[in-house]
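Chains A and B, in that order, are what the protein sequence lines are.
For reference, each letter of the first sequence is one residue, going 792 to 906 in the working numbering.
For reference, each letter of the second sequence is one residue, going 563 to 675 in the working numbering.
Hints are computed from structural coordinates only; laboratory data are not their basis.
Where hints are given, some of them may not hold.
Only some residues are given here: those of chain B computed to face chain A with a beta carbon under 8 Å [said to hold, decoys possible]:
(1) 578
(2) 602
(3) 603
(4) 604
(5) 605
(6) 652
(7) 662
(8) 663
(9) 664
(10) 666
(11) 667
(12) 668
This one's a predicted model, so the numbers in the text were calculated from it and none came from an experiment.
Note that the Cβ used here is the ideal one computed from N, Cα and C, for glycine as well.
Here is what each chain is made of, one letter per residue.
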Amino acid sequence: AQSVAQPEDQVNVAEGNPLTVKCTYSVSGNPYLFWYVQYPNRGLQFLLKYITGDNLVKGSYGFEAEFNKSQTSFHLKKPSALVSDSALYFCAVRDRSGGYQKVTFGTGTKLQVIP
Amino acid sequence: DVKVTQSSRYLVKRTGEKVFLECVQDMDHENMFWYRQDPGLGLRLIYFSYDVKMKEKGDIPEGYSVSREKKERFSLILESASTNQTSMYLCASSSDRAPDTQYFGPGTRLTVL
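My request is simple: use the sequences and hints to build the entire structure.
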């Protein structure tokens, strides 16, 4: 079975400060990991993914995420937050040995960037 | 750009009604998905399809069925709507070339009274 946990329902950060949105995962094999963002009244948009290789993955809108196998984490980061980054963020995981359709999403973290 | 459209943004139905949610994608994607999104539960996969007329159950298929008669269209059917099916429904698609990158529609907020 595969699962993903986003321990924070909401994260507040001041504009211009660095932000981190946390994610931990559990799979029986090796993971594929993803981050998606949902802006108000819109569908989810793909941000970035970790498949293999470099543990630091860069994605859209200046976001990056770091894969840490020993801590089974895939935290989303950005050096300087913008008010427009305020949205709902979802982490997702898929076991490499599983069917590619079976992606498991986390419960989401609401990011609030304060001007 | 990939475009995934859903037939309605908001829908209100009564208990026991048959409900159809339609999803269309314009990028010739092989795979299509239906999720429901609920606060505190995130996204849960209801059904997916990897080819025309092919479908597989996701994690919560009970009370739902699907239809994929054409490659671009994937329909979610609630045979007899119940109040616990009040939710946001999200459709997504992906290609076999990049199966893990899913493109989502704007969602349909269904209320069952």
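Each hint, compared with the structure:
1. 578: Since chain A brings no Cβ nearer than about 29 Å to residue 578 of chain B, farther than 8 Å, the hint is violated.
2. 602: holds, 6 Å
3. 603: holds, 6 Å
4. 604: holds, 4 Å
5. 605: holds, 4 Å
6. 652: holds, 6 Å
7. 662: holds, 6 Å
8. 663: holds, 5 Å
9. 664: holds, 7 Å
10. 666: Hint holds; residue 666 of chain B Cβ to chain A Cβ min 4 Å, cut 8 Å.
11. 667: Cβ of residue 667 of chain B sits 5 Å from chain A, so the hint holds.
12. 668: Given a least distance of 5 Å, the restraint on residue 668 of chain B holds.
Going through the hint list in order, the structure does not satisfy hint 1, though it satisfies all others.
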